[in-house]
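A.B. asks: Given chain A's structure and the hints, the job is docking chain B onto it.
Residue numbers (the numbering used here), protein chains in the order written: chain A, 71 to 222; chain B, 24 to 246.
Keep in mind that the hints were calculated from the coordinates and are not lab data.
Don't be surprised by glycine CBs; every beta carbon is placed ideally from N, CA and C.
Do not rely on the hints blindly, as some may be mistaken.
As the list claims (entries may be wrong) - Residues from chain A that face chain B, not an exhaustive set, calculated with beta carbons under 8 Å:
no., residue
1, K96
2, A98
3, V128
4, P139
5, P141
6, V142
7, D143
8, F174
9, S176
10, K177
11, T183
12, G187
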Amino acid sequence: MRRLLVILSGLVLLTACERDDLCLEKPAADMNTLFINRITQEREAVELMVLYGQDTVVQQRATDSLHIPLPVDTSRVTYRFIKNPGNNSNTDQVEISYTIDEIFISKACGFKTVFTGLQMHLINDSDNWIKQIEIVLPEIKTDTLNHVKIYH
Amino acid sequence: MLKFIINILTLLSGTTLLFAQADSIVSNEKKASLGLRPAYDIGKKIWSRYRGGNIDQIALHLNYNNHIAGIVWGKEQMPFTTDRYDFFTSGSYFKLEYAYNFYENWPGTSNEITLGIRYAHATFDYTLYRFQRIPSVPVFMPADETFSREFKRLDAHWLEITSAVRAEIFRGLYLELHISGKYYLNGKRPQNFGLIYIPGFHTTNVSKFGFGLGYGISYYLRL
Numbered sequence: 071m072r073r074l075l076v077i078l079s080g081l082v083l084l085t086a087c088e089r090d091d092l093c094l095e096k097p098a099a100d101m102n103t104l105f106i107n108r109i110t111q112e113r114e115a116v117e118l119m120v121l122y123g124q125d126t127v128v129q130q131r132a133t134d135s136l137h138i139p140l141p142v143d144t145s146r147v148t149y150r151f152i153k154n155p156g157n158n159s160n161t162d163q164v165e166i167s168y169t170i171d172e173i174f175i176s177k178a179c180g181f182k183t184v185f186t187g188l189q190m191h192l193i194n195d196s197d198n199w200i201k202q203i204e205i206v207l208p209e210i211k212t213d214t215l216n217h218v219k220i221y222h
Numbered sequence: 024m025l026k027f028i029i030n031i032l033t034l035l036s037g038t039t040l041l042f043a044q045a046d047s048i049v050s051n052e053k054k055a056s057l058g059l060r061p062a063y064d065i066g067k068k069i070w071s072r073y074r075g076g077n078i079d080q081i082a083l084h085l086n087y088n089n090h091i092a093g094i095v096w097g098k099e100q101m102p103f104t105t106d107r108y109d110f111f112t113s114g115s116y117f118k119l120e121y122a123y124n125f126y127e128n129w130p131g132t133s134n135e136i137t138l139g140i141r142y143a144h145a146t147f148d149y150t151l152y153r154f155q156r157i158p159s160v161p162v163f164m165p166a167d168e169t170f171s172r173e174f175k176r177l178d179a180h181w182l183e184i185t186s187a188v189r190a191e192i193f194r195g196l197y198l199e200l201h202i203s204g205k206y207y208l209n210g211k212r213p214q215n216f217g218l219i220y221i222p223g224f225h226t227t228n229v230s231k232f233g234f235g236l237g238y239g240i241s242y243y244l245r246l
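Looking at chain B on its own, in the form it has when it is part of the complex:
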């Protein structure tokens, strides 16, 4: 319930930013602007560390006027534990992005409210190290199997629709928030196991869709 309220507030805050533009003076000068934005994802780092794993994600975006082209790279080591099985994912991913910035900046600022699409590809391995056998009647005892079963050279391709808000906090340094919807395309799945976690996509669902929220910092370099 709390998460639902938070999601609604996040959505409302984002739309408030869009309305705030109505008051700004639109500049008549149209100079071509070019810039480079390296970014680091803090949200995934904290989220992964909290769960006993690690995600490093960096991005590089090229801005030309309001068009943005970007690449995202990430490396992950993540455990996944449930009552019925435990496994570990290790892998990396990259994403290619095109986005458009809808926010009208005053000259000299580079805040952004963007909408974009991405193509993503991840390669990874699973190590399954425990699962539970449950009998069909409670008269018998369950049993844990522990061993090391590896599923190597798995991969996944998917598409994303992303929206990001980037605001300058001080000279050149920006705080960014993102939201994305993901759609799984295809990839090499493990034999006799599930495609349960994909680096970059994170936890999968029975449907091909996924959803994510995130935040990070970036530095904008005007060229």
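Just chain A, same shape as in the assembly:
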């Protein structure tokens, strides 16, 4: 009994197995943007590139509905929305500001970054392809809802 216990003691020194949890949730919410023809009031696709700074491509698609990611280390950015980036391109600049907040998801995921108090300001130039920006939902928390409508 005694010797057995000594052996067992050595074994129990090691901890029990811990399961490695996986995180399947996105770490930050994206700004869901619809592109709408101002005249027809219908969704209409645009060939689009969104740039941050000089040349950081944030998104590039031909679509009428886009998930636009936001940075988590600053609460104010200027994005360049380029229509028809290949030929006959038109660039509009938009100032975007928001408050960075977080929601706890799980032990494996930690916190998901969310954005609240969204504000957008279109910089006027001689030829804006963006006619109006409407903020539908200033709280960017989930992927399923639309936050912004851009009329062109």
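C.D. replies: Quick look at chain B alone, frame taken from chain A:
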């Protein structure tokens, strides 16, 4: 894999002890035996120190014939660090236990193989001091937030099924090994944070179940 082999060996060793009783002479005398067993948990102390924290756990058991009633007290300070967040737990717990000893002792010995149940309650605070913000695309940089966010007066209640083996190593002093399955009941959870670590229960899981192995020493005082 190694941990799996060890767990299997521990289980097999425990059952070997039970079979060893087949050879012992059962005494015909049945005297009421009464004893007190204070115990100190070494396993948790080493495990916690290794992780930069500290757990002090003591227990007191009252034996009457083969019935055991016990109280366990513990105090913990434990850090919990991951890539995505770091926090610190500080708190205490107590457990009430009833167990039955299945081992037939020769007169004069008080070795035990027990099976028992416990009710446990812990009260604790968390201090969250770092978490990482990760952007949804790799084009942006992650950012660390460091500050001190406190979650105070949290608590938890749970049940345990425990099994212990206690063997005398020399005069009155025993080495004990325990294994337990835990089931979380309820308690006050932190707001916008997770109930990730509970003193006495240790790391929690998505399910309400937990599992633990431990060892310590005790002294048996015959009354």
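A.B. asks: With reference to the structure, classify each hint as holding or not holding.
C.D. replies: Hints, one by one, checked against the model:
1. K96: Where the cut-off is 8 Å and the nearest Cβ of chain B is about 5 Å from K96 of chain A, the hint holds.
2. A98: holds, 4 Å
3. V128: holds, 6 Å
4. P139: holds, 5 Å
5. P141: Result: holds, 4 Å to nearest chain B Cβ.
6. V142: holds, 4 Å
7. D143: Holds - the Cβ of D143 of chain A comes within 8 Å of chain B, reaching about 4 Å at its closest.
8. F174: holds, 5 Å
9. S176: Check passed: Cβ of S176 of chain A comes within 6 Å of chain B, closer than 8 Å.
10. K177: This interface hint holds because 5 Å falls under the 8 Å limit.
11. T183: holds, 5 Å
12. G187: This interface hint is violated because 17 Å lies over the 8 Å limit.
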